[in-house]
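Trainee: Respectively, the protein sequence lines represent chains A and B.
Residue 0 is where the first sequence starts when you use numbering that gives the first Met the number 0, and the numbers rise one by one after that.
Residue 0 is where the second sequence starts when you use numbering that gives the first Met the number 0, and the numbers rise one by one after that.
It cannot be assumed that every hint is accurate.
[Unchecked claim] Taking lysine to any residue pairs in the SDA-like style, the calculated list, with each CA pair at most 25 Å apart, reads: (1) A/K600 with A/N645; (2) B/K102 with A/K600; (3) A/K341 with B/C125; (4) A/K706 with A/E613; (5) B/K159 with A/K600.
[Claimed, not checked] Which chain B residues face chain A? A few, computed with CB under 8 Å, are given here: (6) A112; (7) M148; (8) P152; (9) V154.
Worth flagging that the hints you see were computed from the coordinates, not collected in a lab.
Quick caveat: nothing in here was measured; it's all calculated off a predicted structure.
Every residue, glycine too, gets a C-beta built ideally from N, C-alpha and C.
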Amino acid sequence: MGLMIHRSRSRAGGQPAAHGGPGTKGLHDASPFRPACPLSTGAASPGARSRQAEGARRLLRTGVFRASGALFCLVAAWLFLSSLTARGQTPTNLVPAAAARPGATQTQPPAAPILNQGGQIIIAPPGASAPPVMDPQMAALMQQAGMDRNVVVTAEFDPPVAVLGQRITYRVVITAMIEGVALPDPLPVVPGLVLTPAGRGFNYGMTGAAMQPRTTMNYRVDATHAGAYVMPSYNASANGRSVRVPEARLTVLPPGTPLAQQPLRLLAEVPDEECYIGQSVPVRLVLVDTGNHQVQALSQPVIRGDAFMAEQALNRQSREVRSVNGRPVQAYLLPMLVIPIKEGRHAFTGQAYAHLLRGPAAPGLGAAMDTVLLDSDPAWLTVKHLPREGELPGFTGAIGVFHVDPPKPSATEIKVGEPLTLSVTVRGEGNLTRLVPPRIERVRDWQAFPALADASGSLQIQLRGAAVFTYTLIPLNDQSRATPAIPFSYFDPRRKTYVDATIPPVPITVLPSPAGAAPVAELARANQGGVDDPDLAPNEREPVMTGLAEQPGTVWSSLRPIHTCGWFLALQAVPAALLSGLWLHDRRRRHFEQHPELVRKAQARRRLRRHQRELRRAAAAQDAAGFVAAAINAFRALSAPVEGANPDALVCADVLRALPVAEREGSEGRLVRQLFAAAEARQFMAGQVDAPSVLALRPGVEALLEKWRSRL
Amino acid sequence: MEVQTVIRPRFLTALGAMLLLMAFPTPNRASGVAEPFRAACEAYAAGDYAQAARSFAALARTGPAAGVFHNLGNAEWMCGRRGHAILAWERAHWMDPYAANTKANLRFARHQAQLPSPDLAWYEICSTWLPVPLWAWLAFLAFWLALAMMVLPGVRRWRKADWHQGLAAASLAVFLLTVPALVGVYTRSRMGVVLAPDAPLRLTPTREAQVLFRLPAGELARVERERGSYLYIRAANDAAGWLDRAEFSLIAAP
Chain A
0 MGLMIHRSRS RAGGQPAAHG GPGTKGLHDA SPFRPACPLS TGAASPGARS RQAEGARRLL
60 RTGVFRASGA LFCLVAAWLF LSSLTARGQT PTNLVPAAAA RPGATQTQPP AAPILNQGGQ
120 IIIAPPGASA PPVMDPQMAA LMQQAGMDRN VVVTAEFDPP VAVLGQRITY RVVITAMIEG
180 VALPDPLPVV PGLVLTPAGR GFNYGMTGAA MQPRTTMNYR VDATHAGAYV MPSYNASANG
240 RSVRVPEARL TVLPPGTPLA QQPLRLLAEV PDEECYIGQS VPVRLVLVDT GNHQVQALSQ
300 PVIRGDAFMA EQALNRQSRE VRSVNGRPVQ AYLLPMLVIP IKEGRHAFTG QAYAHLLRGP
360 AAPGLGAAMD TVLLDSDPAW LTVKHLPREG ELPGFTGAIG VFHVDPPKPS ATEIKVGEPL
420 TLSVTVRGEG NLTRLVPPRI ERVRDWQAFP ALADASGSLQ IQLRGAAVFT YTLIPLNDQS
480 RATPAIPFSY FDPRRKTYVD ATIPPVPITV LPSPAGAAPV AELARANQGG VDDPDLAPNE
540 REPVMTGLAE QPGTVWSSLR PIHTCGWFLA LQAVPAALLS GLWLHDRRRR HFEQHPELVR
600 KAQARRRLRR HQRELRRAAA AQDAAGFVAA AINAFRALSA PVEGANPDAL VCADVLRALP
660 VAEREGSEGR LVRQLFAAAE ARQFMAGQVD APSVLALRPG VEALLEKWRS RL
Chain B
0 MEVQTVIRPR FLTALGAMLL LMAFPTPNRA SGVAEPFRAA CEAYAAGDYA QAARSFAALA
60 RTGPAAGVFH NLGNAEWMCG RRGHAILAWE RAHWMDPYAA NTKANLRFAR HQAQLPSPDL
120 AWYEICSTWL PVPLWAWLAF LAFWLALAMM VLPGVRRWRK ADWHQGLAAA SLAVFLLTVP
180 ALVGVYTRSR MGVVLAPDAP LRLTPTREAQ VLFRLPAGEL ARVERERGSY LYIRAANDAA
240 GWLDRAEFSL IAAP
C-alpha cells in the first residue's frame, strides 16, 4: 500500500537521483535564484535557460545552497500542485510537460510498475503501455490531496452465482461518509429472497490522488429456491442527495452444483467452554480464502452483539493453512477480545475488511488492492454470573489467571509522614486491561491513598502482559515495620473458583518524623480514619434500595402543610382572644381601682335590686316586719356609697345624712324615720308592727328608692 | 399577693396544657391499618408487587403514613413505575424527614434513573430538619408564648422577673427562626413529581402545543401556575413549560 520510491542513478552526472523519476532533473534545475520553477516556465528559450542553469550550477556547488534549493522547489511544487488539484485538475496531466523538457535526463525505468495507493501506475516498466508516469515525490505529495466528492454507488451479490443454501451477501457500496448514507428500510422486495441487515462499515480508498470515502452495507441473503433474481434499482440518500443504487443480479443454482470459485467467508471462532460476565474471552475472526482471492490482510474488525463489548486484542494477525474439502487453503486469523455483559446464551457477529490483491490485467502490470467488507455468521456464547459463593476479600472483578510480583517500594527507609510509593505488578491472562486495583482496607499505622490504575493503553498492557498499580502510603508512626498486606483475589474460569493472590507486605524501616510531619499525619488519620479512599466514603457508595418499613407509622389527616389550612389560621383566634380578654379585664380592674366610688355605686345598685325584690315579696305576703327590714336595707345600700361604709353599719342618722337637706326635712325624711322607728320598736321593745300602716308606706318607699337610685 | 402566687402556676399550667393539646391534634396512631399493612407486606414478600402496590395505595388514601408511603414506593419501583415510586418516597420523606431508608431509596432511584437531585433553597433545606407539621406548631407555640410572656406579667401583676423577658426573647427568637422554615415548607409544598415517562413539556397549555422538552418519570419540578388541566412547571436546569395535570402530582397533595 505504501508508496514505492525507486532510486536510480543519473546517466549524465552519475549522481544519485534522489527523486528517482523523470522529473527529477527539472526539479534540480529549479534553484531559489531563478525567477520561477521550470514547471511553470516551460516557455523560456533554451539559450537563456542554459545560461541560467550554468550560473545556478555554480551556486549549487555548496551543500547549503543545494539543500535550500531542493527544499524551495519541493515547497513550490507542492503549492503549485495543490492549487491545480483544488481546481480539479489531476497532477498526472502535468507530468508529460515536465518530462518533455529539453535536456531532461532519463533515469533507468523500474522493472515492475510502481503503483500509488489508489492503484494507479506511477512508474511503468519499459515497453508497457502505461500512461505517462510522474515523480514519486509528487505522488507522495499527492497523498495529502483532498476528498473525492463524487458519489458512486455499486451494488452486487457476493457471490453473484451461488448454490442454494450457500451464504450470500448483498453488498452496497456508496462513496460517501457513513453518517450521510441511508438506504430505504426495508429494501425493495424480491420474491424468493429474504434480506437481513448485516455488517455496515466505512473506510477510505484512493481514486487517483483523491481519497474516497466508502460506506459499505451488507445484507444477508436467504434464497428460497434456485433461479435467477434481480434486485431492482432503487433510490438511496448520500450526503443529503438522492442517489440511484443500480440493480444487481443473482443466480442461485440447485444444491450440489459445483462452483468455479468459492466466495470469501469470515468465521467467528469462540471457545467451547462457558464464560462469565466481565471475562475477556478470546475469539478469532478467521477468513478462509478457498477461492484464491489473494487476501493480503484483515482490518477494522468489529464485534456486533447486544450482550458483548469488544476490545482490540493485541493484533497478532497471522495466517495458517487449513484443509477445506481436502484442499489446503490459506486462513487469516485476527484475534479479538469479547467481554460478555449479559447472562444467558447470546450471539454476536464479527465483521472485518478483507484486503484483496486484484490480479494484473497483463503480465508485468501492477496489481490493485481492493477492500471488501465481510461479516460472519452468528457465534454463540453461554454467559454466566460469577458465583457468589467462595468470593474472597479483595476481589475487584479480575477474571483469569494472575499472579502478583513482589511489590516494589520506592524506598525501604522513610520517615513518619513521608509518602511511600508501592508498585504492584499483576501478570497473567484474563481481563488484565480492565483490572481494578484492589483497595487497601483501613489500616492502623498507615494512611493509604487509593491506587492509581495502570495508565498505559490497552494494547500496551497486552504487550507487556502485566498491569501495574501504584499505591501511595504514608506511615503515621514509627512503629510500622512493613507495608500493609493488600487483599487481592481473582476468579479462575477454568477452575471455576476464586483464588487468593493477596499482595504481601514489604518490610520497611520507618524513622521518627522531623518536626511538623507527625501532626500532619495525625490530622490526616483523624480526618480520614486511616484511609483516604473516596470509595469508602458513604456518599460515594453505590446506592441500593432498602427493604420495607415494618410499621405504618403515624397517620396524618392530610399531607397539606397545616399552616395553609383554614382551621389552623382560625385556631390563632383562641390565644388571641384569651390574651385580649385578660388585657381588657386588667384595664377594667385598673379603672375601678382608680374610681372606687364606681364600685360602691355598682354594689349599691346590686344591693338595691336585691332589697327591692325582698321588699316586694314582703309587701305581697303582707309581712310588715320583712317589708320594714327590706326597706331599711335598701336605704342603707343607697347610703353606703355616700358614706363610704358598710351598709350594715349605717343607722337612721347616716341614712338621713345621705339625703339632700330638703328631702331630709320633708316627707322623705319622715318616711325614713318612720321605718327606722318601726324597726327599732320591733327589735328593742318587742312590739308588733302595725302592718296596714306600714304596708301603706310602700308607694312612698318605692318612689324614694327610685329617686335615690337615679342619683347614683 | 397570695392570690397571685396561686394563680400564676395554675395559669401557666393551663396554658401549657392547652398548647400541648393543640400541638398534636392531627396525627393519630395507626390503629385500623395494621392488618391491611401486614397483608400488603406479605404480598410484597411473595413477589406480588402489583397487589402490594394496590394495597399500599389504598392504605395511603385512607390514612397517609410515612411507612405506608415508603412501602408503596418500593412496590411501585418493583412494578417498574419509577415516577410513582419516587412520588411515594418523596411523600414518605415529607412526612418523616428522619427516615434514613426512605432517603436511601430516593438516592437509589435518582442514581438508577440518572435524575438530578432536587435543587433546594437554604430555607427549604432548613424546613427538612423537622417534620412539616411540627414547624407550624412550633411557630404557633413560640409566637403566642412570646406574646403571652410580654403581656401576662403586666396583666396579671406578676412581680417582674428576668425569666419573663428571657422566655419571651427566646420564644420570639424561635418564632423568627421558624419563619424561613415555614416559607420553605410552603415552597416545597408546590413541588411535585413527573409521573409519566418522557412527559412532554409544552409551550402553551394546549394539547397541540409545541413540545419544548420531555421530562423523565420521577423528575422533581415546581408548580408555578395552573390553567385548566395544565400546570406550568419548572424543572431542573430551568426547563419550564406546561404539563398535563394527569402526568404530574404534588408531593403535598391534599
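Trainee: Does each hint fit the structure? Answer for all of them.
Mentor: Okay, the hints, checked on the actual structure:
1. Restraint check for A/K600 and A/N645: the C-alpha separation of about 12 Å stays at or below 25 Å, so the hint holds.
2. Taken as a hint, the B/K102 and A/K600 pair is broken in the structure, with Cα atoms around 72 Å apart against an allowance of 25 Å.
3. For the suggested pair A/K341 and B/C125, the alpha carbons sit about 44 Å apart, so the restraint of at most 25 Å is broken.
4. In summary, the hint linking A/K706 to A/E613 is supported, as the alpha carbons are separated by about 19 Å, within the 25 Å threshold.
5. The suggested pairing of B/K159 with A/K600 is violated, with an alpha-carbon distance near 34 Å, which exceeds 25 Å.
6. A distance limit of 8 Å between C-beta atoms decides the matter here; for B/A112 the minimum to chain A is near 11 Å, and the interface restraint is violated.
7. The beta carbon of B/M148 comes no nearer than 11 Å to any beta carbon in chain A, farther than 8 Å, and the hint placing it at the interface is violated.
8. Interface restraint check for B/P152: the shortest CB-CB distance to chain A comes to about 11 Å, outside 8 Å, so the restraint is violated.
9. For the restraint placing B/V154 at the interface with chain A, the shortest Cβ-Cβ distance is roughly 4 Å, inside the 8 Å limit, so the hint holds.
Checked against the numbered hints listed earlier, the structure breaks hints 2, 3, 5, 6, 7 and 8; every other hint is satisfied.
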